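K.L.:
Next come the chains, spelled out residue by residue.
Protein chains: 2
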Amino acid sequence: MKTLKIIKIGGNIIDNDEALHSFLKSFASLSGPKILVHGGGKLATKLAQQMNVEVKMVDGRRITDQETLDIITMVYAGKINKDIVVKLQASRCNAIGFSGADGNTIVSVKRPVKVIDYGFAGDVIRVNTETLNVLLNANVTPVFCAITHDENGQLLNTNADTIASELAIGFSDSYQTELYYCFEKNGVLQDVNDDNSVISHINTNNYQDLIDKNIISDGMLPKLNNCFHAIQKNVKKVCIGKPEMLFDTHANFTTIT
Amino acid sequence: MKTLKIIKIGGNIIDNDEALHSFLKSFASLSGPKILVHGGGKLATKLAQQMNVEVKMVDGRRITDQETLDIITMVYAGKINKDIVVKLQASRCNAIGFSGADGNTIVSVKRPVKVIDYGFAGDVIRVNTETLNVLLNANVTPVFCAITHDENGQLLNTNADTIASELAIGFSDSYQTELYYCFEKNGVLQDVNDDNSVISHINTNNYQDLIDKNIISDGMLPKLNNCFHAIQKNVKKVCIGKPEMLFDTHANFTTIT
Chain X
938 MKTLKIIKIG GNIIDNDEAL HSFLKSFASL SGPKILVHGG GKLATKLAQQ
988 MNVEVKMVDG RRITDQETLD IITMVYAGKI NKDIVVKLQA SRCNAIGFSG
1038 ADGNTIVSVK RPVKVIDYGF AGDVIRVNTE TLNVLLNANV TPVFCAITHD
1088 ENGQLLNTNA DTIASELAIG FSDSYQTELY YCFEKNGVLQ DVNDDNSVIS
1138 HINTNNYQDL IDKNIISDGM LPKLNNCFHA IQKNVKKVCI GKPEMLFDTH
1188 ANFTTIT
Chain G
938 MKTLKIIKIG GNIIDNDEAL HSFLKSFASL SGPKILVHGG GKLATKLAQQ
988 MNVEVKMVDG RRITDQETLD IITMVYAGKI NKDIVVKLQA SRCNAIGFSG
1038 ADGNTIVSVK RPVKVIDYGF AGDVIRVNTE TLNVLLNANV TPVFCAITHD
1088 ENGQLLNTNA DTIASELAIG FSDSYQTELY YCFEKNGVLQ DVNDDNSVIS
1138 HINTNNYQDL IDKNIISDGM LPKLNNCFHA IQKNVKKVCI GKPEMLFDTH
1188 ANFTTIT
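These protein sequences, in sequence, are chains X and G.
Here the first sequence is numbered in our numbering, starting from 938 and rising by one per residue.
Here the second sequence is numbered in our numbering, starting from 938 and rising by one per residue.
What the hints contain is simulated information worked out from the structure, not anything from laboratory work.
Note that the structure is a prediction, hence the values are computed from the model and not measured.
Just to be clear, a hint being listed does not mean it is correct.
Identical copies look the same in the list; a pair holds intra-copy or inter-copy alike.
[As the list claims (entries may be wrong)] Distance condition first, Cα-Cα at most 27 Å in a straight line; then the derived DSS-like pairs of lysine-lysine:
1. 962 to 1047
2. 1051 to 983
3. 1051 to 1174
4. 979 to 939
5. 1174 to 983
6. 993 to 1150
7. 993 to 983
8. 1150 to 1179
9. 1122 to 1160
10. 939 to 1047
11. 1179 to 993
12. 1051 to 1150
13. 939 to 983
14. 939 to 993
15. 1047 to 1179
In isolation and in its complexed conformation, chain X is listed as follows (with noise of 0.2 Å):
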């Protein structure tokens, strides 16, 4: 079976032109077939603030009311997503922007209310891997949003994370799936202070142990539990660390297996 990278950025290097530009330029000549997944980063605070639209968070989650989803529309889907494109593109790297929508790619459904209303948040049900098949077959590279559908006809606010480790299990069948998380830290730290203890392997016997250590907490809790589960699911690599990772030999980064 051929690989397939999945690769996830985030805010760290969205935000930053120049790290978005050195990025896309590596990030294109990276051979094979790939999928690069981006977050959102804080333009859409800054366009809602722009407009008068209140940002509303609970627990570090943002509440998807109707005007969030259109700004959240308007930057994912829009500006980013075609600053992305059209900088592959500049590099020859045949790029074609994706929302879950498009081409029926990932469905999901609304999350139920339960102590909290997250308004129009989506969890993914489904991946449909024929279409993006037809187009890694010609070469093209898809750039997706964090931003679904529920086939119903409602966009759905989604978590980037989730979106790659989805995409990596769903492509499991039919390539070996490699999963990069980029954010702006060598890998999971030993020592959070300290950018040279990385941990270089996870796997199930020493997770419990580092999560009992507090080595393991908060924010990278979640985001390790969205690597296991894409383990189990049969995603052959998963890694987390800086974009460098993809592309230097010599970097360090945490591998999960």
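Fit chain G to the known structure of chain X by using the hints.
P.N.:
Then chain G, alone, in the frame of chain X:
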């Protein structure tokens, strides 16, 4: 050769939720390969006002500075394009949204500055049909917003009528292409105040006569020049009228040959 329909809709449909919904339901049910091209409508101007960005027009044409390009990218490629795609998916039409940068489908050059500097406005120089053909063969319906790119990393604001005619011309090698311009009237009218006075046929013989008699003037002139350009470049059929012309065999409209 198979027939490919290229259909352009403008502000009169896009700005009206009910009209858009009803159009898209009918459009979804059209058999055979098809491409939708949409204009911008009033939403970009509204957003510019909300963001306190000045709208600059010269002779009815928008001047596209960087801020305006960002707004257009958010509204056309983001909000409007995804709203159309998600609604088509709900009607089981497998749509994928495109700008000309996506799949490197429509290449343009920044309009040279003569008397007026239009800013980031693009004149189409090439349509690449290869990736689109792969998708049309997979029963996917491309949905184009009016944004193109220059292959060097610059997005460019481009006239939607032109995008539709250039797509029709670009595909005329591989399909019998039909081009439909939907607008608020029944077609080109003998008497601008009488929607029943449709001129059912315009060809190179009676065109000059209609211009001389001032029946065709102003905004209609560039539209018809676009139509004749398409006919000369091997597009099989060009029609102007209300969207009903696509679905209702009794509808009046203008055919250009």
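K.L.:
Taking the hints in turn, state whether each one holds.
P.N.:
Hint-by-hint comparison with the structure:
1. 962 to 1047: Intra 36 Å, inter 23 Å, cutoff 27 Å: inter-copy only.
2. 1051 to 983: neither (29 Å within a copy, 36 Å between copies)
3. 1051 to 1174: Intra 34 Å, inter 56 Å, cutoff 27 Å: neither.
4. 979 to 939: Neither, since 36 Å and 47 Å both go past 27 Å.
5. 1174 to 983: neither (35 Å within a copy, 47 Å between copies)
6. 993 to 1150: neither (33 Å within a copy, 60 Å between copies)
7. 993 to 983: both (13 Å within a copy, 24 Å between copies)
8. 1150 to 1179: within (24 Å within a copy, 68 Å between copies)
9. 1122 to 1160: within (13 Å within a copy, 55 Å between copies)
10. 939 to 1047: neither (34 Å within a copy, 40 Å between copies)
11. 1179 to 993: So residue 1179 and residue 993 fail the 27 Å test inside a copy (30 Å) and across (43 Å) alike.
12. 1051 to 1150: neither (31 Å within a copy, 69 Å between copies)
13. 939 to 983: Classified as neither; 41 Å inside a copy, 48 Å across copies.
14. 939 to 993: For residue 939 and residue 993, the Cα distance exceeds 27 Å both inside one copy (43 Å) and across copies (51 Å).
15. 1047 to 1179: neither (32 Å within a copy, 36 Å between copies)
Going down the numbered hints, you'll see the structure goes against 2, 3, 4, 5, 6, 10, 11, 12, 13, 14 and 15, while the others check out.
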